[in-house]
Amino acid sequence: MPVTHLSLRNVTRIYAGAAPGHDLHALGPIDLDLEKGEFFAVVGPSGCGKSTLLDLIAGLSLASEGTIEFEGRPIEGAVPAGIGVVFQEDACFPWLTVADNIAFGMRQAGLGAEESQRRLDHALDLMGLGDFSGAYPAQLSGGMRQRVCIARTLVLQPRLILLDEPFGALDQQTRLLMGDELLRLWRDTGATVLLITHALDEAAMLADRIVVMSARPGRVLEIVNTGWPRDRDSRIVADSAFGDITGRLWRSLRGESLKALGRTRVTE
Amino acid sequence: MNRAARYRILLVAAAIVLIELLCRAGVIDRLTMQPPSEMVRDLVVLLASGSMNGAMLKTLTNVAIACVLAVAAGIAFGVMIHGHRAVRNGLEPLFATYYAIPIYAFYPLLIILFGLGDAPQILIGFMLAVVAMIVNTLNGLDRVPRVLMKTARIYRLGPVATARKITLPSAAPYLLTGVKFAVAYAFIGVIGAEFIMSRTGIGYEISFAYNNFDNKTMYPLIILILIISILINSTLSRWEALLMQRRSRT
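Heads up: the protein sequence lines correspond to chains H and D, in order. To convert a position in the first sequence, counted from 1, into the numbering used here, add 682. Residue 120 in the numbering used here is what sits at position 124 of the second sequence, and the numbering runs on without skipping anything.
Calculated from the structure, these hints are not laboratory results. For glycine and all other residues, C-beta sits at the position ideal for the given N, C-alpha and C. Treat each hint with caution, since some may be false.
[Claimed, not checked] Restraint ranges, calculated between C-beta atoms of paired labels, are given here:
{"#": "1", "chain 1": "D", "residue 1": "M240", "chain 2": "H", "residue 2": "S743", "range": "33 to 41 Å"}
{"#": "2", "chain 1": "H", "residue 1": "D926", "chain 2": "D", "residue 2": "N135", "range": "35 to 43 Å"}
{"#": "3", "chain 1": "D", "residue 1": "N135", "chain 2": "H", "residue 2": "A795", "range": "33 to 41 Å"}
{"#": "4", "chain 1": "H", "residue 1": "V919", "chain 2": "D", "residue 2": "A157", "range": "26 to 34 Å"}
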């Protein structure tokens, strides 16, 4: 029996404009339920409010209407415990070494030295950063810096991990391999994962379920079940079902993407 | 050492040699300037005699006080007003024109207010230095990436912890630029003030030597000030380079 981990009811976000009548309706109303332990992806045309959605769930901004509940408790503009976030931009602290970056949240949470060290060593090992613990972020590649950010989130053992286009700045091969690592972490930690991405293939390869969002204001167009086994990796991109899923995603998304570009009709 | 640095040193050395030759040839007479080599010799003698220790201590102490106050106040004020658009819009034109004000014009007023002690000198140094620190703090804080501010909220840091652990470290290279300016301005302020009206300090000693045609004291003291400010500046620059090196790809 699946347990609901995160639920959104009638969630809407409207940004107040400079003058009356100039409000920007960015998102919703949206209803969503994430099951505990599932890998959930959100795809949508650019500007559809994907990042707004993440900010709302992370408690970084307040919904104009509707409620968001995490583990049965409402999220109301405060960052809830148990949620970890990885951003698209490089969020490493350039003045700290890799080890100090990863340990940052644990120090903040007042975790004991011994336990912190244990988790740090584990994270360094897991993310293949063991040889770089004393390096500064500027000395690392983009993919490695993103791994530092993921490790920094993981050591706090979040029960829900929000990822906002975490591989957006990486090249295709690195993205596939980072996808493998992400799947492995998801299986090992048992956390619920919410991945926001504009890459259809990324969503199709990684997620159990994928929600397709409409052009702004972002609403739920369709939810696609991928039906992948839990024990999967990037090799499924060669599976015929993979093409079917990306094809289906693109069919629902094509019109919306055109809208987002400001066109209503397909020019042949 | 790179080529530009070599040319730079060569240029300075050539200028010194030129002055030395002009002095020795009698083109520049002794009453105006003595040869640089003698200035250095006199400086060594002057320092060894210990007669300037009191003045040096006085000046360096006042510069240090002015500088520390300016850096602390500048950073604190910068952090405070950084998020307040209206306040900044009101103040920034004042900051931009601040250095057009000849601040020494206020010196008589400061003496009336604070007397002939150290306070007016420290205050002049502070007033010159603090705005450079504020401006550089604001500049540094403006450049903190938004994602780091979001990260601070994810870790549930309060305003003070956010400043201490995220914004100030992130802005550190710009703060250091501010500190460099603050040191330079504090020196200018304090020594300038000592020139005008004071009984002690290197500025006063230079002025006293000047009034008594005592070139054997005046020029060595000028060199001493140059050496001190160059030492401080290059130390800060080296620290700045270290910070930047950590942050740039190698």
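Item to check | Violations among the numbered hints, reported as their numbers in ascending order | outcome: 2, 4
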